[in-house]
Amino acid sequence: MNTRTKAMIAGTTALAGLSLAGAALAEAHGGTMTIGITQNNVGVDSYQTTYEEAFIAAAEANDAVDVVVLDAGGDVARQIAQMQDLIQQEVDAIIIWPTNGQAVIPAVREAHQADIPVIVTNSNIAEDGFDFVSSFSGPDNITQGSRSAEIMCDRFIELGIEDEARVVEITGQPGYTTAIERSDGFQDRLPEVCPNVTLVDSQPGNWNREDSQRVMEAFLTQYDDIDGVYSGDDNMGVGALNAAIAADRAEGITFVGATNFAVGYDAMGRGEYWGSIYQSPVDDAEAALQTAIDVLNGEEVPFLNYFDTPKITQDNMDEFDRPVF
Amino acid sequence: MAETNLKALGGLLARQGILVAFVVFMIAFALWNPRFIEIDNVFSVIRSSAILGVMALGVTFVVIGGNLDLSVGSLLSFSAIVVLDLHETPGFGPALAIPAMYAMTMGIGAVIGFLVGYLKLNSLIVTLGMLSAIHGLTLTWSGGQNMDIANQQETWFGIFGRGTALGIPIPVLMFGLLAAVLAIILAKTPFGRKVYAVGGNGTAATFSGIPRARVVFFTYIISSFCVATAGLIQASRTMGAQNTVGQGMELEVLAAVILGGASLLGGSGTVFKTVIGVLILGFIQNGLLLAGLEFYVQFVVTWIIIILAVWLDIATKRGKLWSPIA
Chain A
477 MNTRTKAMIA
487 GTTALAGLSL
497 AGAALAEAHG
507 GTMTIGITQN
517 NVGVDSYQTT
527 YEEAFIAAAE
537 ANDAVDVVVL
547 DAGGDVARQI
557 AQMQDLIQQE
567 VDAIIIWPTN
577 GQAVIPAVRE
587 AHQADIPVIV
597 TNSNIAEDGF
607 DFVSSFSGPD
617 NITQGSRSAE
627 IMCDRFIELG
637 IEDEARVVEI
647 TGQPGYTTAI
657 ERSDGFQDRL
667 PEVCPNVTLV
677 DSQPGNWNRE
687 DSQRVMEAFL
697 TQYDDIDGVY
707 SGDDNMGVGA
717 LNAAIAADRA
727 EGITFVGATN
737 FAVGYDAMGR
747 GEYWGSIYQS
757 PVDDAEAALQ
767 TAIDVLNGEE
777 VPFLNYFDTP
787 KITQDNMDEF
797 DRPVF
Chain B
758 MAETNLKALG
768 GLLARQGILV
778 AFVVFMIAFA
788 LWNPRFIEID
798 NVFSVIRSSA
808 ILGVMALGVT
818 FVVIGGNLDL
828 SVGSLLSFSA
838 IVVLDLHETP
848 GFGPALAIPA
858 MYAMTMGIGA
868 VIGFLVGYLK
878 LNSLIVTLGM
888 LSAIHGLTLT
898 WSGGQNMDIA
908 NQQETWFGIF
918 GRGTALGIPI
928 PVLMFGLLAA
938 VLAIILAKTP
948 FGRKVYAVGG
958 NGTAATFSGI
968 PRARVVFFTY
978 IISSFCVATA
988 GLIQASRTMG
998 AQNTVGQGME
1008 LEVLAAVILG
1018 GASLLGGSGT
1028 VFKTVIGVLI
1038 LGFIQNGLLL
1048 AGLEFYVQFV
1058 VTWIIIILAV
1068 WLDIATKRGK
1078 LWSPIA
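From first to last, the protein sequence lines are chains A and B. Start counting the first sequence at 477; every next residue gets the next number (this note's numbering). Start counting the second sequence at 758; every next residue gets the next number (this note's numbering).
Same shape as in the complex, but just chain B:
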């Protein structure tokens, strides 16, 4: 009995290598600086990770569907600038600005989804192009100016980034809720299974009668919805934004998704693992800061830890530290 339990545990560890890596890092950092695991610090890390995390949830769908999305960073800048500008436009206010921003951001998502899904253009090229096109769009909208909410006391716009409910920061709740809903969609619905099928083998999926184009289209819709939500949290948290606020985030998002174990070739990955990937990135950044490491060193150490995590993940899967074949 005990032996089967042990085996089951071993099997679980082998499947969840990234989770093991996560726990190892948490313990190591906590030993280094006990403040690391104080509840305030944990919440503040998850709250800062929520923006990256919400974006990563959407990109998980795109990646599992066999595509890439490099435009999410630019799209985040766009949504943050647009929602702030509309908020400041007389007659708008938050109640109108937020849905309008969602509509516009998802409109851009629909364009990308159309190009990649229906026209079958290479997603790397399309979203790389969109990265700069959307940046240009953001600059045109703002005229290059920063956006700030002038009267921060008289608006409820701040609750998405700064509010708390039941002692939990709202961004953390939004991240958790969205993760739960998307995890169910991906794992338990026919649509979710179609995403895996399309990413695993697009041709076979098409011959099985799965509408490949439509599935890919909707992965980008989900991605842009997530970016809009991230943009809302970002704008609300700082009550202002620069035009370049999301610059470079596309790679961090992709790193979190891949760190979580989703295959760049499509067809594998889960929402839960992406969440772990996001948390690892967030806690590494925070842990190194609390350890008081010099900044230039932090860059290097961050990437060493990421590589270690990926290696640990693969090593637990194959049961060996290294192998001459994959």
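Next up, chain A with everything else stripped away, as it sits in the complex:
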């Protein structure tokens, strides 16, 4: 909380100084660049909190960059107002973590018309807005979904049950792009790698451990034979694991998630949880800042600038640090 307040103050004061310096600074190529960021909802979960801390740390480590850090608090209207503020302040580039992929497009277009490059971070805006965006920096959720399918299939082959295994899926918030893309990636890839595995049911756990636990309890009642559980993130995966442990059925089930959380990492260490996708908010934040810097320096940046999110399982978890969230 303190770092955030400090960062806000630092950001605002830095900006005041900058506007005094005026055009001189703006003209100087390779001099200081000011990058504004409006985030989705810091504090709502550990991922976003860690992202902000990492973003500020990365900006502080780079003398050529000043940042203005804003947070929309999950509110679309506030985010649009923040975009307009940043345009008024004539920052050099804007990074946006959209609160809503559709509703922010007019504000993104305004920035584009004011010749301020916009970089979208973490989750992309709707396709209608792509013309006004310089680059998207974030995880590739479809690939994450397919990698989870591969992790699960590989494990089934190891266990020799790739011809009869039955899988249930617990997805994130219905209607949320990340949830849909991961689920699509998983459901498309699974029959390619393990054609005889059946996906018997899929229900949302709303990114919420308690909801996921309740869904898994119902699955366990409904299906006598479950060999694998795929969850849209580890937080929900651990909820499903809790339910299976309580029902004394965790032993025979392969749990695979995404966005490796500390709880998931620990459960892997205990041998209860099989695998996940390692997605670091620190990498996410640093990639967003670097993309913005590259765009401002006129470098070629791919439109979809994904950062890598590798597979993590009980077998290779030693190669990764325990997630901080």
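Be careful, since some hints might not be right.
[As the list claims (entries may be wrong)] Derived, one-sided and incomplete: chain B residues facing chain A with beta-carbon distance under 8 Å:
| no. | residue |
| --- | --- |
| 1 | E795 |
| 2 | S801 |
| 3 | S805 |
| 4 | Q902 |
| 5 | Q991 |
| 6 | G997 |
| 7 | N1000 |
| 8 | G1049 |
| 9 | W1068 |
| 10 | D1070 |
| 11 | A1072 |
| 12 | T1073 |
The hints are simulated quantities; they were obtained by calculation from the structure and are not laboratory data. Please read all numbers here as calculations on a predicted model, not as lab measurements. All C-beta atoms in this analysis are idealised placements derived from N, C-alpha and C, irrespective of residue type, glycine included.
Given the structure of chain A, go ahead and fit chain B onto it with the hints provided.
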């Protein structure tokens, strides 16, 4: 003789329309999927409903007293985060963390009770404001981080959410016990009668010498006590919590209380009916899941069933399916 019995039964059904609705749904779901009424499933539904149920018990007092409490969802997040964080604080452990969490949660309840009871501020405005204020407090406390119990094997904290006694899950026992105690308080004690009086007609109650402010104050104390208990069960069941764990629950709680037949205007309702309201909500969610309905459809069907239940309740009370006057 048989005729009077039949009449008595008819009268009972008319008064307990919501109970009839409950039985109808249970039979319908059981026919759809027989696993629905297996004892394991029934216990697991009641166990998941216990969190919502315990909160609804407290809100029943507030609603009967003529007020609303929209802050219970935020307060649940607060209590879960606080108890987990204190549990992980060196030197605390569960034995200190739990009473400390109760004290803090009920402290917030006392603030709300003071504002609504003694200062006579509108409860909708006060608790709506508290909804976001408490959320902010929770985030400040946690710094936005999730809370988890690192070493789950070496603590007895899990018994409130995961334990069983005599084959019955502890959350179910806590819910049942609390419901019994609160039902007696509401129905059999002078305090309970004062709650009805204050909610039914506050001015008349005041003129009859009932300390209105104090009664309202204590309804919020009871509500916050219930939320603290729900927070304890929640935290213990998942051994971890997000900052938003209770978000949106205030409306589900209110739906359960109203479904049970308590009037939003105050003065009527019982603990038993609230319990039925809670169970209907819990079993609908579980039944639709077991029926394998697609999720988006479940939202719609849930609310159709709730409306049906309320209608059945009203229809049995007035003895007709519809009426031009209330």
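Does T1073 (chain B) meet its interface restraint, that is, does its C-beta lie within less than 8 Å of any C-beta in chain A? Given a least distance of 31 Å, the restraint on T1073 (chain B) is violated.
For the hint on S801 (chain B), does the least C-beta distance to chain A fall short of 8 Å? holds, 5 Å
How about Q991 (chain B): closest beta carbon in chain A under 8 Å, or not? holds, 7 Å
Let me know if the C-beta of Q902 (chain B) comes in closer than 8 Å to any C-beta of chain A, holds or violated. Cβ of Q902 (chain B) sits 5 Å from chain A, so the hint holds.
Does the CB of W1068 (chain B) sit less than 8 Å away from some CB of chain A? violated, 27 Å
Interface hint outcome for G1049 (chain B) [beta carbon to chain A under 8 Å]: Interface hint status for G1049 (chain B): holds (7 Å vs cutoff 8 Å).
Hint validation: S805 (chain B) versus chain A, beta carbon distance must be below 8 Å. Holds or violated? holds, 5 Å
When the least beta-carbon distance from D1070 (chain B) to chain A is tested against 8 Å, hint result: At 26 Å from the nearest chain A Cβ, D1070 (chain B) fails the 8 Å test, so the hint is violated.
Is the hint on E795 (chain B) kept, meaning its closest Cβ partner in chain A is under 8 Å away? E795 (chain B) check passes; min Cβ-Cβ to chain A is 7 Å, inside 8 Å.
Less than 8 Å between beta-carbons is the criterion; does A1072 (chain B) satisfy it with respect to chain A? At 31 Å from the nearest chain A Cβ, A1072 (chain B) fails the 8 Å test, so the hint is violated.
Interface hint status, N1000 (chain B) versus chain A (Cβ within 8 Å): With a closest approach of 6 Å, the N1000 (chain B) hint holds.
Restraint outcome when G997 (chain B) is required to lie within 8 Å of chain A by C-beta distance: holds, 6 Å
When the structure is compared with the earlier hints, violations turn up for hints 9, 10, 11, 12 and for no others.
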